[in-house]
Amino acid sequence: MAVARHWRNQDQRYNLAGTHCKVCGGHFFPKTSMCPTCHRRSMGKLERFQFSGNGTISSYTIIHDGMPQYSSQVPYVIAYIDLEEGDHIIGQIVDCEPSEVEIGKGVEMVFRKLSEEGRSGTIQYGFKFRLTM
Amino acid sequence: MGKLARDVAVIGVGQTRFGEHWNLTFRELGIEAGFRAMEDAGISSSRIEALYTGTMSSGLFLNQEHVSAMIAEVVGLTENQIPATRIEAAGASGGLAFHQAILDVASGLHDIVVVGGAEKMSDVVSNVATEFVASGADQAWEGLFGATMPSLFALMARKHMHDHGTTKEHLAHVAVKNHVHGAKNPLAQFQREITMDMAVNAAMVADPLGMYDCAPSSDGSASLVLCDMKTAKELSDNPIRVAGTGQGSDSLSLANREEITSMRSTVAASRRAYEMAGVGPGDIKVAEVHDSYTISEIIAIEDLGFFKKGDGGFATERGETALNSTITVNPSGGLKARGHPLGATGIAQINELVIQLRGDAGDRQVKDANIGLAHNIGGTGGTAVVNILEVV
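As you go down the protein sequences, you meet chains A and B in turn. So the numbering used here is basically just the index in the first sequence, starting at one, shifted up by 483. So the numbering used here is basically just the index in the second sequence, starting at one, shifted up by 7.
Don't read these hints as lab results, they were simulated from the structure. Mixed in with the good hints, there may be bad ones.
[Claimed, not checked] Straight-line Cα separation of at most 25 Å, SDA-like style, residue types lysine to any residue; simulated pairs:
no., chain 1, residue 1, chain 2, residue 2
1, A, K588, B, H171
2, A, K505, B, E265
3, A, K588, B, K191
4, B, K166, A, I586
5, B, K166, A, F511
6, B, K240, B, H117
7, B, K191, B, Q372
8, B, K315, A, S541
9, A, K514, B, N263
10, B, K166, A, E591
11, A, K588, B, Q372
12, A, K514, B, L151
[To be verified] For the chain B half of the interface with chain A, some residues (derived, Cβ under 8 Å), not all of them:
no., residue
13, F42
14, G150
15, R165
16, K166
17, N208
18, A209
19, V212
20, D214
[Stated by the list, open to error] Okay, the calculated beta carbon distance ranges per label pair:
no., chain 1, residue 1, chain 2, residue 2, range
21, B, K315, A, G601, 19 to 25 Å
22, A, D578, B, D370, 51 to 57 Å
23, A, E600, B, T32, 29 to 35 Å
24, A, R523, B, N30, 18 to 24 Å
25, A, V557, B, N30, 31 to 37 Å
26, B, K316, A, T605, 28 to 34 Å
27, B, N70, A, E600, 17 to 23 Å
28, B, S52, A, A485, 43 to 49 Å
29, B, T32, A, M517, 39 to 45 Å
30, B, S51, A, P581, 56 to 62 Å
31, A, K588, B, S133, 47 to 53 Å
32, A, G601, B, E72, 20 to 26 Å
Given the structure is predicted, the values throughout are model-derived calculations rather than measurements. Beta carbons: idealized from backbone N, C-alpha and C, even for Gly.
Only chain B is shown next, with the shape it has when bound in the complex (with noise of 0.2 Å):
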């Protein structure tokens, strides 16, 4: 129980940059972050044994099923025939489809997987995107009555101002921290610094949320090589070991819970990697966490064990997520500046752990990075996976 048959380790990744890619298709953002990933692990593609991608709606947003196929013939791969498989978990579906190669390849069935996520946003309309997107909550009970996904974590944001005094301020330190992060990021939607005036003083989505409190819609996609540790050590020098992986469940509605301040989703998820990592949150020196919205990386770093019940707010504040502070808390620029094609932002978020437990993120490295946790949830935490990289 709760142990891997066998290491595994990451290899390789690959990213697009995030953002608008007016003149790129979801096969070619695919297609880039692949072969990115496969030439970071450099080995050739005839190695691949399977393929696992995580998507949330290509049949939405682009009216495509069955892209698991699509993408083994664009990047070549329906020579052998190969396994390809697509996972959804709304904007879980990334870190899902990680947790799952894992399981793959730690049962022996395969030695070397590569593991893709990606979503193409921009094809659509906003306010047809802002109704994708709330189906990834529920949609007979709460889009319908006109809930969208942001309106959800609203709820969450007032119920924790009410009960733990977080502040507006609070959430718009969220979002100007992560935009310093991302600024250092060459990849991310956002290279840009924003101010707490901007951030505080936006124009509303759902009170109180505004604008900088939510994450943007993206187009983009990862990818990363993953395989056995025996395999690893021949073909890398610095290969990422998984240490520890969790997946946790919860009503998919917000109204069917007990509790709208806290997700016991990642709770869980987190308890089972941490138990099989052998860590604890204070172990942790820098972790990729889902800032959907800028509650949720608040509620996020007090469920993941970071800070106390009602103290991620505070601690924002302090500056005790920032980079190099207490824990470095999104790198990256997370999903507020990094942006958040829904499916490839699990992947981006390992991606992001190994560059740092590497030693290569330049202007945003983490110091003595050793040990990261990646944090992805889909609508408003009916999924959480929960997943700990450490330097072998």
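Isolated chain A, as found in the complex (with noise of 0.2 Å):
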């Protein structure tokens, strides 16, 4: 794949920034070039918008049959996360054993690797998350 298809998302991956409608007052994750609620109107009135990356485990799943490129991974969780602005993201828990992970649990966003496309190819960086206690 093209680097660009990478670099393009570094904003959302890297910072966990999303995009916030000066229209409704919304905002989103990922970013979006038209307010989802105000459509037309938000042409030109989005702006850049900074998550937190704290949340609450909405949803969890320890998963042992993963994808390819974190097949050397498993088991590894994924949770669904209700982000404390009130919007959604799915991402791993890493720092933890599995077992420790449960509905309710504060996670906060950490920077890691995420995968790489076979050895000479490009490694992806991105949002995972942590358990705050």
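Reassemble the complex: the two chains are provided individually, in unrelated frames, and hints are given to aid placement.
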């Protein structure tokens, strides 16, 4: 895959940046070039929005049969996270045993390596989450 | 609004056995199902005016796109240059191809069309198939972060358990019941029963979903002949009428939904289909629902209105979805036991309803079946298609 495919998403993946709509006040992750509520009225009225990276686990799963690029990491945990701003996101939970993960526990974003496209391809980095107790 | 311009009916169905067909190509699978449907309808290929094919990803699995033309070629339909169209909506490709063919015939553009669905999944190794199947969800914001398709349904399952008290045993009851049904279906991939112990204690795929909570990868094809009711009555003694058809969408990604224990696409598609048919969930005797995972069947039977929210697992445990109980769900064995060759599934569901409504289902016949519903979803429910068929 061309490097630009990953490069253009860096601000979202590295910094958890989304979009704020100045018309309705809504915020969205991932970034959008049109507010799904205000539609055309949002053109030119969108700005970068910084999520805090703090949230709560709404659901989770422990993956034993993973994606090929993650097969060396099984078992790994994927969670459905309610961000404190109200949006939802799917991400890995790291730095703990899978058995420590529970619905309702708090999490914070950490910056980690995600995967690599083979031995000579690009390495992708981005957000994962860890428990905050 | 909400009505077809003229009545449409199915007059012929055909299906290959689903499974791992190491010796058969995508083309051969399509030919076999298509010819069986033509034979069942008793018509010659010169009568076919248009061709629709549902395939999720021949591009990824076979490195072959443009399979509409390929199928027209291999079944010998290029002579009259009939329109050949491929429809894609991940696992809902077959159901959506059927929906589009209904709109075609109802519009009056064509009188007799053939609708097929096919997928050839066994030419890639299993973890590559895992990656390809995940392309039916959001690759950029789910797949890249390690989420597989079963893991996204596992998130729904854990939440459903947390919110509604659904248990791992409830999930197992879905698999056990569908294997009982599949054992009676000569075209099913798995024609054997399994025990609760096997289902509950199977190797984990994405906790809480184990191996028996997941439909298999399969090769297979299913096909049917659809025509307007006037032509149907000339050609067939037992046409099965399309009473209602509905389609719904939702976000591609699970994260952009407020609710993950219900699928708004299914609710909307079924509401449209029920309204068109003038029936409600209580009128349905037999349903083929999209049990790509056991939790999918539990969510589906709630969203379709057969059981109230949160009662799907309990109702399954009570045996209310078994053959000839309150409502027979997946008499074919469902995706779990019949097999799930992605694009073929939606057509195989319609074919099972046709066989049931004709009274030709043998050991798995639903008594007094006169109206049936098929429910087919793509990805995690980004697309849902619901079709209701009835005896004329």
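Hint check:
{"no.": "1", "hint": "K588/A with H171/B", "result": "holds, 19 Å"}
{"no.": "2", "hint": "K505/A with E265/B", "result": "holds, 22 Å"}
{"no.": "3", "hint": "K588/A with K191/B", "result": "violated, 46 Å"}
{"no.": "4", "hint": "K166/B with I586/A", "result": "holds, 9 Å"}
{"no.": "5", "hint": "K166/B with F511/A", "result": "holds, 23 Å"}
{"no.": "6", "hint": "K240/B with H117/B", "result": "holds, 16 Å"}
{"no.": "7", "hint": "K191/B with Q372/B", "result": "holds, 10 Å"}
{"no.": "8", "hint": "K315/B with S541/A", "result": "holds, 22 Å"}
{"no.": "9", "hint": "K514/A with N263/B", "result": "holds, 12 Å"}
{"no.": "10", "hint": "K166/B with E591/A", "result": "holds, 21 Å"}
{"no.": "11", "hint": "K588/A with Q372/B", "result": "violated, 49 Å"}
{"no.": "12", "hint": "K514/A with L151/B", "result": "holds, 16 Å"}
{"no.": "13", "hint": "F42", "result": "violated, 37 Å"}
{"no.": "14", "hint": "G150", "result": "holds, 7 Å"}
{"no.": "15", "hint": "R165", "result": "holds, 5 Å"}
{"no.": "16", "hint": "K166", "result": "holds, 4 Å"}
{"no.": "17", "hint": "N208", "result": "violated, 14 Å"}
{"no.": "18", "hint": "A209", "result": "violated, 11 Å"}
{"no.": "19", "hint": "V212", "result": "holds, 5 Å"}
{"no.": "20", "hint": "D214", "result": "holds, 4 Å"}
{"no.": "21", "hint": "K315/B with G601/A: 19 to 25 Å", "result": "violated, 50 Å"}
{"no.": "22", "hint": "D578/A with D370/B: 51 to 57 Å", "result": "holds, 54 Å"}
{"no.": "23", "hint": "E600/A with T32/B: 29 to 35 Å", "result": "holds, 30 Å"}
{"no.": "24", "hint": "R523/A with N30/B: 18 to 24 Å", "result": "violated, 55 Å"}
{"no.": "25", "hint": "V557/A with N30/B: 31 to 37 Å", "result": "holds, 33 Å"}
{"no.": "26", "hint": "K316/B with T605/A: 28 to 34 Å", "result": "violated, 44 Å"}
{"no.": "27", "hint": "N70/B with E600/A: 17 to 23 Å", "result": "holds, 19 Å"}
{"no.": "28", "hint": "S52/B with A485/A: 43 to 49 Å", "result": "holds, 44 Å"}
{"no.": "29", "hint": "T32/B with M517/A: 39 to 45 Å", "result": "holds, 43 Å"}
{"no.": "30", "hint": "S51/B with P581/A: 56 to 62 Å", "result": "holds, 60 Å"}
{"no.": "31", "hint": "K588/A with S133/B: 47 to 53 Å", "result": "violated, 33 Å"}
{"no.": "32", "hint": "G601/A with E72/B: 20 to 26 Å", "result": "holds, 24 Å"}
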